[in-house]
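J.: Residue strings, one per chain:
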Amino acid sequence: MATNTTTSTAPSVAVESRRRAIATRARRTARRVPLALALILLVGALQALAWDLALPAFQGPDEASHFAYVQYLAETGRLPSSTTGGTPDSSEVQSALSTLNLNPTTGNLSARPAWSSADLSLWRAAEGTLGAGSRANGAGPNPIAKNPPLYYAVMAIPYRLFVWLPLLERLFVLRLFNALCYLATIALTWLIAAEVFGRVRWKQALAAGAVALEPQLAFMSAVVNADNLLIALTTGLLLAALRLVRRGPTMARVLTCAVLASAAVLTHGRGLVTLPVLATAYAVAWLRFRPAPRDALARGAAAASMVGGAFAAYTLLGRSSGGSLYGGQVSELNNGGFNVRQFLSSIYQFYFPRLPSLHPRIGPEYGYRQVFVNTFYATFGSLEVTFKQHVYDALQVLSALGIVGFYTACVTRWRRLAHGWPTVVLMLVLALTTLFFLHYVSYRALLGNGGSDPLIVGRYLLPMVSLFGLAIAFTAGSLPRRAGPLLGAAILSLGVLLSLGGIAITAVRFYA
Amino acid sequence: MPEPAAHRTRSGILARPRSILAAALMAALILAGALIWYRPYLTARSNAISEVPAPSALFAVSEFSVPAGGRACMDSVTVNPNSRVAAFMLRPARPTPAGGPPVDLVLSAPGYRATLHVPGGYPGGSVALSIASPPRAEIGTACFVNRGRSTVLLDGTTEARTVSRSRVLVDGYTAVGDIALTFYDSRSRSLLDGLGEVFGHASNLTDRLVPVWLIWLLSALVALGVPCGMTVALYHALRTDERSGRI
Numbered sequence: 001m002a003t004n005t006t007t008s009t010a011p012s013v014a015v016e017s018r019r020r021a022i023a024t025r026a027r028r029t030a031r032r033v034p035l036a037l038a039l040i041l042l043v044g045a046l047q048a049l050a051w052d053l054a055l056p057a058f059q060g061p062d063e064a065s066h067f068a069y070v071q072y073l074a075e076t077g078r079l080p081s082s083t084t085g086g087t088p089d090s091s092e093v094q095s096a097l098s099t100l101n102l103n104p105t106t107g108n109l110s111a112r113p114a115w116s117s118a119d120l121s122l123w124r125a126a127e128g129t130l131g132a133g134s135r136a137n138g139a140g141p142n143p144i145a146k147n148p149p150l151y152y153a154v155m156a157i158p159y160r161l162f163v164w165l166p167l168l169e170r171l172f173v174l175r176l177f178n179a180l181c182y183l184a185t186i187a188l189t190w191l192i193a194a195e196v197f198g199r200v201r202w203k204q205a206l207a208a209g210a211v212a213l214e215p216q217l218a219f220m221s222a223v224v225n226a227d228n229l230l231i232a233l234t235t236g237l238l239l240a241a242l243r244l245v246r247r248g249p250t251m252a253r254v255l256t257c258a259v260l261a262s263a264a265v266l267t268h269g270r271g272l273v274t275l276p277v278l279a280t281a282y283a284v285a286w287l288r289f290r291p292a293p294r295d296a297l298a299r300g301a302a303a304a305s306m307v308g309g310a311f312a313a314y315t316l317l318g319r320s321s322g323g324s325l326y327g328g329q330v331s332e333l334n335n336g337g338f339n340v341r342q343f344l345s346s347i348y349q350f351y352f353p354r355l356p357s358l359h360p361r362i363g364p365e366y367g368y369r370q371v372f373v374n375t376f377y378a379t380f381g382s383l384e385v386t387f388k389q390h391v392y393d394a395l396q397v398l399s400a401l402g403i404v405g406f407y408t409a410c411v412t413r414w415r416r417l418a419h420g421w422p423t424v425v426l427m428l429v430l431a432l433t434t435l436f437f438l439h440y441v442s443y444r445a446l447l448g449n450g451g452s453d454p455l456i457v458g459r460y461l462l463p464m465v466s467l468f469g470l471a472i473a474f475t476a477g478s479l480p481r482r483a484g485p486l487l488g489a490a491i492l493s494l495g496v497l498l499s500l501g502g503i504a505i506t507a508v509r510f511y512a
Numbered sequence: 001m002p003e004p005a006a007h008r009t010r011s012g013i014l015a016r017p018r019s020i021l022a023a024a025l026m027a028a029l030i031l032a033g034a035l036i037w038y039r040p041y042l043t044a045r046s047n048a049i050s051e052v053p054a055p056s057a058l059f060a061v062s063e064f065s066v067p068a069g070g071r072a073c074m075d076s077v078t079v080n081p082n083s084r085v086a087a088f089m090l091r092p093a094r095p096t097p098a099g100g101p102p103v104d105l106v107l108s109a110p111g112y113r114a115t116l117h118v119p120g121g122y123p124g125g126s127v128a129l130s131i132a133s134p135p136r137a138e139i140g141t142a143c144f145v146n147r148g149r150s151t152v153l154l155d156g157t158t159e160a161r162t163v164s165r166s167r168v169l170v171d172g173y174t175a176v177g178d179i180a181l182t183f184y185d186s187r188s189r190s191l192l193d194g195l196g197e198v199f200g201h202a203s204n205l206t207d208r209l210v211p212v213w214l215i216w217l218l219s220a221l222v223a224l225g226v227p228c229g230m231t232v233a234l235y236h237a238l239r240t241d242e243r244s245g246r247i
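Going down the list, the sequences are from chains W and R. Under the numbering used here, think of the first position of the first sequence as 1, with each following residue one higher. Under the numbering used here, think of the first position of the second sequence as 1, with each following residue one higher.
In case anyone wonders, no lab produced these hints; they're calculated from the structure. Please note that the accuracy of each hint is not assured.
Stated by the list, open to error - Covered, in the sense of this in silico footprint (three residues per stretch, anywhere, with C-beta under 8 angstroms from a C-beta of chain W), are these stretches of chain R: (1) 17–23; (2) 146–156.
As the list claims (entries may be wrong) - A few chain R residues that face chain W, going by a derived Cβ cut-off under 10 angstroms, partial list only: (3) A28; (4) L42; (5) L58; (6) A233.
Just so it is clear, the structure is predicted and the values come from calculations on it, not from any experiment. Backbone N, C-alpha and C fix where the C-beta goes; we use that ideal spot for every residue, glycine too.
If we strip away everything but chain W, and leave its shape as in the complex, we get (with noise of 0.2 angstroms):
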């Protein structure tokens, strides 16, 4: 007995001082953790709590295809299919969006969700009927299955956690997992903020607090939706990119965006916009840096074997997933019906009104405003929820007096970008193979459906989302002294009126 005692006393002393060890390096950590920092990520934390309840199970967009997807993968260790199966949602999920409405609520307005206490002992009842295997057969054929299974496998871990827990508790808890997301996009925009424009707290307030106020981001907090992570890997790789060209490539840092590449491919199609990127990172920062060619070839060897080996993998997933390679949407391009003039006759009309020697855009009345403004600042559930258009017209006359005043901050600071080249010339290569490539997937859908949908909506520019925050501090930082935070605390409040203002008006569409 007291030879027992002694041998469990060991390892159990051991085990304390490594958790205090742990406890003490943590409370370090925190205290690192600047203030402004620290309280823009409790607003962030606030607004996805909030959001997770203004908006019921299901209703974001895709969120049912979505969470199959999870529930699939995390009930089986399977992928779906988008092509064959029974039924792309299980049965369990089935049964939650019938007995509650909440298939008819998506996205129409005049539908509500069956909300009263009588309807929660109905789904009850429903819950408890269910067999065993009524989570797992969710097999397909679901549309999503196309995607790559990066961010379901990294969701199906808190749903085998929580695998416990009644349908809509699960979720609400899996959604609070997703805001993770959310919150790491947040913190990376603060620090890509000290990055380029050095430890000035203000300005990296300002572009941290206005990527958390985004409210079409803060919304997209609350939905299980790949866009989560395939935002925090674009900006993780914005961050590791940026230091790659300013600090010099060792390993570690070509390693770290190789890997932050690999994970955005095999999170989303969209991801592969990482790639230029990354090929723009690694150009820069061996032409800043000359490595010795010993060091570049075993460098670029270990991140091409990263790259090569996450396109292998998810090659072969997508075979077993039966599916192509992202839905066949690569593959697209060598495809007929593909007519170079005719692409960039669209991208042109999607901005500009039509020249007379230009033939119309195929599609709907669809353009930057629907993309940039409407879509990409605040329209919620399954794009049903939106604010009064006097709302957008306001927000598209200040989104082009920043325009403005950013190109003039460009001019009047062109010597110290000309300085900072590499930053500059990342941060373009980021924005403009997502912009052209959402408009090549947006003219491949309209060829596809017959100029019905035109399939792009603002939140595909959300992996770009810590460039409007550093677009806006760079803006106010270009002011005179006193007039920067200024400019920074009126449009801080904007962001507040407006991401409280969608989350109410949220809730009213579903529970009022």
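Given the structure of chain W, go ahead and fit chain R onto it with the hints provided.
T.: Same frame as chain W, now just chain R:
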């Protein structure tokens, strides 16, 4: 060394630090914006929706034809204690000078029954009828009974994405889709007055994982925490820069 509350400008005028000015501007703008933008929204009075057993179609309206003496019944219809008005759309199958036939809407659940009457002679359109609501939320049946001698058409939906959990039987035969039916609270009230109910609905849709009292608490935290947190964050960031001479 204590931080001076103000510094002198080139002209010698005592100026407030940027941190205080920015925080004050932010607080003022948020307060003014909330008063101008939020207040009318929160205090405007309207009739709240009590329950939507079956919504109207999103794109294409479908008509459910109920012959003379026939009935169309929807099951799994929830009637709440605040369901005081039933709204639906109907029209005569053939427009005549005599108008549409009389129609009854019979709501029934265990221990609850209410009959609403639409007199004949209407040209067609939306109808809103007062209901004797049950003392607690009940799930039962809503039957549209044609009391006239001509066919009546009820608006609804057969769109897969708008069909609700209710099944429709017309004279005992299953019909695809739903007859659009909405219950309203007849009392006009503001959003602020109805917050308790809104939070109750939200709580139910989390399976009561988040109880109503906690939603009240969280709402207060969000309403105060988001503006205050962001204002203090900017203030503190500027203050740090002022202290370190970076601004």
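J.: Now, for every hint given, state plainly whether the structure supports it.
T.: Hints and how they fare:
no. : hint    : result
1   : 17–23   : holds (count 5)
2   : 146–156 : violated (count 0)
3   : A28     : 8 angstroms, holds
4   : L42     : 8 angstroms, holds
5   : L58     : 5 angstroms, holds
6   : A233    : 4 angstroms, holds
The structure shown violates just one earlier hint, number 2.
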